[in-house]
Amino acid sequence: MTLRVTNTLTGEREAFEPRDPDSVLLYYCGLTTSDPAHLGHARGWVHVDVMHRWLDHLGYDVRHVENFTDVNEKIVARVGEDGDSEADVARTYVQQVIRDMRSLNLLRADVYPRVSEHVPQIIDLVETLLDRDYAYEVDGSVYFDVTAFDDYGKLSNQQVDELDSQGEHTGEKRNPADFALWKAGGVDPDDIADHQHEDAAPPEEACETAQTWDSPWGEGRPGWHIECSAMSTTHLDDTIDIHVGGQDLVFPHHENEIAQSEAATGQQFARYWLHVGLLETKDEKMSSSLGNFSTVAEFVGEHGPNVARTFLLSTAYHSKATYSAETVAEAEERWERLQTGHRRAVEATDSVDAHTTVEDDDLRSTVDEVREAFTAAMNDDFNTREATTALLDLAGAVNRHVDDHDAYDYVGLRRAIETFEDLGEGVLGLSFGGESEGDVRVAQELADLLLSVREQEREAGNYERADELRDELEALGATVEDTDDGPVARF
RNA sequence: GCCAAGGUGGCAGAGUCUGGUAUAACGCGUCCGCCUGCAGAGCGGAUCGCCGCCGGUUCAAAUCCGGCCCUUGGCUCCA
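So for the first sequence, UniProt numbering puts the first residue at 1; every next one is plus one.
If you're looking for bench data, these hints aren't it; they were derived computationally from the structure.
Errors might be hidden in some of the hints.
[Unchecked claim] Derived Cβ-Cβ restraints for the label pairs, each shown as a range: (1) 350 - 88: 24 to 32 Å; (2) 204 - 446: 26 to 34 Å; (3) 150 - 399: 46 to 54 Å.
[Claimed, not checked] The calculated SDA-like cross-link candidates involving lysine to any residue, where the alpha carbons are at most 25 Å apart (straight line), are: (4) 154 - 164; (5) 320 - 377; (6) 74 - 95; (7) 74 - 133; (8) 154 - 83; (9) 74 - 377; (10) 285 - 36; (11) 320 - 280; (12) 285 - 253; (13) 183 - 285; (14) 183 - 84; (15) 285 - 320; (16) 74 - 267.
Note that the coordinates shown come from a computational prediction; the quantities given were computed from them, not determined experimentally.
Just so you know, even glycine gets a beta-carbon here, dropped at the ideal spot from N, CA and C.
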């Protein structure tokens, strides 16, 4: 069974064949560090993370690069608010993003390159494009000439003529569809005014802090698209295997990356282009500029990383996803069910009723089916929803086994636990063990003490007092359950 | 205007590439039963759709073909 992926370049789901059969070069278009990351960004991160984990699982040696765009007008617009200069604001947000990523239990990328560290490579690339007549200079700015690159539009199926008729005619560009590789001078206050918040520094002052670099064409700043071409080539290779990004980047960003890179190297830039669907609230996408977002920090703070990942993975990466109270509640239930299944399997194997001579065929065959279904789902264009569904089936089998048997199938349960851990933790990045250490242990003991008091009240028939004790425990964040083996408090 | 993705039960969301192993998965919601002092978790069962509309191909279509309607995204910064 081989991995198949939907390639935006061809519009088809095709067999994945990396350039080298043993390794994969993966690049993800990261974000501009001008605002706190929102759940839509997290959706991209988590899906790329799972792609990375699955490729590892399949035995590939994965090299994963994810950039930060720390040079941008929108960052300048935050000066005075989140820092004293463009570089300072960028640092503030890079730090926040790293924290957010950690909170989501993401595997680390091999490199997190920033634009500000790659200006020499960008300049080299622009020079190459000028040498090869794919670009032209006007008053210290350099533009890419889209008419010089025959394949322009191949990713997004755009026609240059059509783009020209829609584009803005500025004085410097030969064609409206041409785009900047290098921009002369600093940042124009007029360009940031619209992006500023109330407490930001005055536009003129903010723009004075914008970073500029020397170049063969004078002082200036790199264009937006060129960075990814330069960083991808620097840290991976001229041709990479998988380039991932949000669906909103297909045009113009990714189209322009292809044009720049392929014009410069004469090689195919990326073999597979995968695009992550956008996270939408009611009827519109979640976006910083629309202000309709929930930040990663808020969401993870409220729901925790496991619910966050379950939520983000409950829709296949290429589809759009809906963010609403209902969809989040569903994710909470799905996670709860997975966690309960895992926990009950662990508790049953630890029980004195677990026997090595008992065999439950239903449990054992379900484990095998689940592994097969999970693998098939992931190989089918990383279908994380189907993969999660397989694990939910496993939870059902464990529950049935524990409910219906007095003697437990130790070996079968072990296999179920291994499956939860290999696939749920290893591939989906969930964490079943969770927080059962240190502080929680003390809390657990105190809760148990209260529960024993509650038991006395219950035995005495004082249900009113017993329920009060339960309510008090629950008010402190515990969940009280009366099980066959007695009352239990969970956190 | 151009490009792309998508329209499946109350919600959400697989399946569509490779037409039939489907009485349309999984979850949520609702209802009933088991369990329970009650509740929760769990188990079992049920409810709700014939898959945007129209036509075609086929022994057979949610899945293929044609037309139409609608939604979202991109064409300016955006994961």
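How the hints compare with the structure:
no.	hint	verdict
1	350 - 88: 24 to 32 Å	violated (53 Å)
2	204 - 446: 26 to 34 Å	violated (59 Å)
3	150 - 399: 46 to 54 Å	violated (60 Å)
4	154 - 164	holds (16 Å)
5	320 - 377	holds (18 Å)
6	74 - 95	holds (17 Å)
7	74 - 133	violated (31 Å)
8	154 - 83	violated (40 Å)
9	74 - 377	violated (39 Å)
10	285 - 36	holds (16 Å)
11	320 - 280	holds (7 Å)
12	285 - 253	holds (18 Å)
13	183 - 285	violated (30 Å)
14	183 - 84	holds (23 Å)
15	285 - 320	holds (9 Å)
16	74 - 267	violated (33 Å)
Figure legend: structure checked against the earlier numbered hints; hints not met, in rising order: 1, 2, 3, 7, 8, 9, 13, 16.
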